[in-house]
Amino acid sequence: MVPRFPVELAYVGPGAGFAFLGSFLALLAGFFLSLLSLVLWPFRVAWLAVRRRKGYRHAQVKTAIFLGLDGLDPRVTERLMAEGKLPNLARLAAEGSYTRLRTTYPALSPVAWSTFATGVSPAKHNIFDFLDRSLKNYLPQLSSARVGKPEHVLRLGRLRIPLSAVLIDLRRKSQPFWKILGRHGIGCTILRVPITFPPEKFDGRLLSAMCTPDLKGTQGSFSQFTTRVERAVYENGDRFPLRRVDGGFAGEIEGPGDTFLEGAPTLRIPFLVVPRHGAFELRLAGRSVRLTPGEYTAWQRLRFRTAIGAAASGMVRFLVTETEPEFSLYMTPINIDPERPALPISHPPYYAAYLANLLGTYATVGMAEDTWALNEGAIDEDAFLRQAWDIFAERERMFLNALENTRRGVVACVFDTSDRLQHMFYRRLGTADRHAGAIEEMYRRMDALVGRAMTFVNRRAALFVLSDHGFCAFRRSVNLNAWLRDNGYLQLENGDRESGSFFEGVDWSRTRAYALGLGGFYLNLKGREAQGTVETAAADRLKAEIAGKLAALRDDDGSTPIRNVYATASLYRGPYLDAAPDFIVGYNEGYRCSWEGAVGKVSAQVIEDNPKAWSGDHCVDPVLVPGVLFSNRKIGAADPGIEDLAPTALKLFGIEPPAWMEGTALL
Amino acid sequence: MNVKLKKQLWEKIAQAAAAAGYSSPEEFVEHVLEREVAKIDREEPSEEVLARLKGLGYID
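Keeping their order, the protein sequence lines are chains D and V. Residues 1 to 667 in my numbering are what the first sequence spells out, letter by letter. Residues 1 to 60 in my numbering are what the second sequence spells out, letter by letter.
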């Protein structure tokens, strides 16, 4: 559980301050750059033409398309293909190839898509989980990106004027294949491939994806405005009171903090909802928006004006979820506005705005489908499905537009709908519930998308449809920290049996191992962790001891929750191995690490039911959840892995994969 | 930002980077320096670090 912070701490990103400075500097720089680019334009065109002709000289194809369908499971895909329900994928398999695709350890999207991009294992790209930990204080942090604050700030009374740039750092290391292709003059359009925030500079176009924050700097916090209760804080969203006023309801939207003021007080936009012609009208910031119960509004721009007049711009959608006797209004997380991005979300920086102007605005936050709003009951399953499919439609427009406009080069696009729907609707499979078919319907729609992509494929094109991992049920959860406590490897202060989140109450001086994140756990190693207790010489023996005991764990009914415990050093070699968990835990189907254990909480029970709508998962033994790989080309490899796609992309354009890549070209 | 190094050192760095599996000597240098700087770097307030995780679907 994320701790409840005072409201003024809710804003943690650079948001408003960055937006203002960024906008001004961008305007100034843009003016001079435009002038310069006009003068240099003829020379650039000539140089690019020469470079591209050279780049494509040894190419086997004119275009390569990578269509990522996150979480598409091979068992379901194979069954539905056999039943004739996925005609396009079946045709692709028949005319080209289909195989299961080995995933990474752990089988997590940030890890696997980073391997897809770079062709290397996690020990060479540095992404081992969604979370890693601070070696100084054991607290979890996002593994993929760091967003800092300006180092230098001018203080004028209550005013705070940033004098230096904000540090935004991509933690994924090595090099994606599109960067190498760009150096050879091969054009690439990369759309929403996970772990691309902040966007890296390269010779091509890229729109960032997973782990792009919202305007508040979080990974996506929804708001619910309601007459039901006073202010409350959800696990990953906020509930705000609506006041009954003459003829309607009044409330306030809480945005990012005003970083130009001491303490960064929260920026707010008041609004009013009034009944109108059988529906409602939302009045905010001088405009009116029609609210029809059960229907999402279009994206609405919110401008949060700071003390010095600068504004941070975000995008939200509203949904009236109930009207009588109580009134409730759901608001999506405040997405960074692609037309006025407060943080860089694309490369080149104008590309996000270009897409919005061309195709309409779109969701920008990393995990855009609001799974937490459904988990918390702020929206129902129908509303979640509509939202997820709307986001799919936005992505599809971008993808098809890129295909239409790419005569030569690479288009890579990842769709998340397949992953999110399986997370949220797995519990409906095989039931009489009216959403029992939601997952199968999703597979059919993904197949239709593949069919549309295939219309762009000719004999000089290579198409790859792939997923990063498969899926299975998540019914029971294992709190590894509780197991470590029960077995004497983790000690709590004062003899307590339970801790708070983030290891609150853990006695590090007597703790030898601890779990954090979704994939594995760590030894408390001397010389590495700030309060390490385990001597390096004793580490291997301890590892073997823990792995052996953990494999013997049994559930109440005698089931085996853990199929394998992998010592990470035996899986991977690379310069970032030190940052990896010491063990990766391969759960059996039906199990996963617990919600609380993932954020360092020691709970009373080791194994508990998973009560949430989030009922499907892939954080299990990677052997159980391979992905899929389809291609219009013949793939001869016996055991293809997701690391093989990057060298394949290079080979297709006649470029020898560099020695540091670990994958092997598939064609 | 450019830092000048002796040519012989750079050649050794390039060899070491390739042997260790880095994608470039620059990546190697950056990693080594980051590790050293991390030892003296100020920790951010924990509330701010943790609040950034809010909304991540996989954790509570």
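Worth flagging that the hints you see were computed from the coordinates, not collected in a lab. Do not rely on the hints blindly, as some may be mistaken.
[Stated by the list, open to error] Think about it this way: if two alpha-carbon atoms lie no more than 20 Å apart in a straight line, the pair counts; the simulated SDA-like pairs of lysine to any residue are:
1. D:Lys149 - V:Pro25
2. V:Lys4 - V:Ser24
3. V:Lys39 - D:Leu577
4. D:Lys201 - V:Phe28
5. D:Lys201 - V:Ser46
6. D:Lys201 - V:Glu48
7. D:Lys149 - V:Ser46
8. D:Lys136 - V:Glu48
9. D:Lys612 - V:Asp60
[Stated by the list, open to error] Listed next, the stretches of chain V that the computed footprint assigns to chain D, with coverage defined by at least 3 CB atoms under 8 Å from CB atoms of chain D:
10. 3–15
11. 52–59
From the three backbone atoms N, C-alpha and C, an ideal C-beta is built for every residue, glycine too.
Here's how the hints hold up against the structure:
Under the criterion of a C-alpha separation no larger than 20 Å, the hint pairing D:Lys149 with V:Pro25 is inconsistent with the structure, at around 28 Å. Taking the CA atoms of V:Lys4 and V:Ser24, the gap is near 17 Å; set against the 20 Å cutoff, the hint holds. With a C-alpha separation of about 18 Å, the suggested pairing of V:Lys39 with D:Leu577 holds against the 20 Å cut-off. Note on D:Lys201 and V:Phe28: the hinted pairing holds, with a Cα-Cα distance of about 19 Å set against a maximum of 20 Å.
The straight-line distance between the Cα atoms of D:Lys201 and V:Ser46 is roughly 30 Å, outside the 20 Å bound, and the hint therefore fails. This hinted pair does not check out: D:Lys201 and V:Glu48 have alpha carbons roughly 28 Å apart, beyond 20 Å. The hinted pair formed by D:Lys149 and V:Ser46 meets the criterion: a straight-line CA distance of about 14 Å does not exceed 20 Å. With a C-alpha separation of about 16 Å, the suggested pair D:Lys136 and V:Glu48 falls inside the 20 Å cut-off, and the hint holds.
At roughly 11 Å between alpha-carbon atoms, D:Lys612 and V:Asp60 fall within 20 Å of each other, so this suggested pair holds. Coverage of the region 3–15 of chain V by chain D is violated in this model, with 0 residues showing a Cβ closer than 8 Å to a Cβ of that chain against a need of three. Residue count for the region 52–59 of chain V with a Cβ under 8 Å from a Cβ of chain D: 8. That meets the three needed, and the coverage hint holds.
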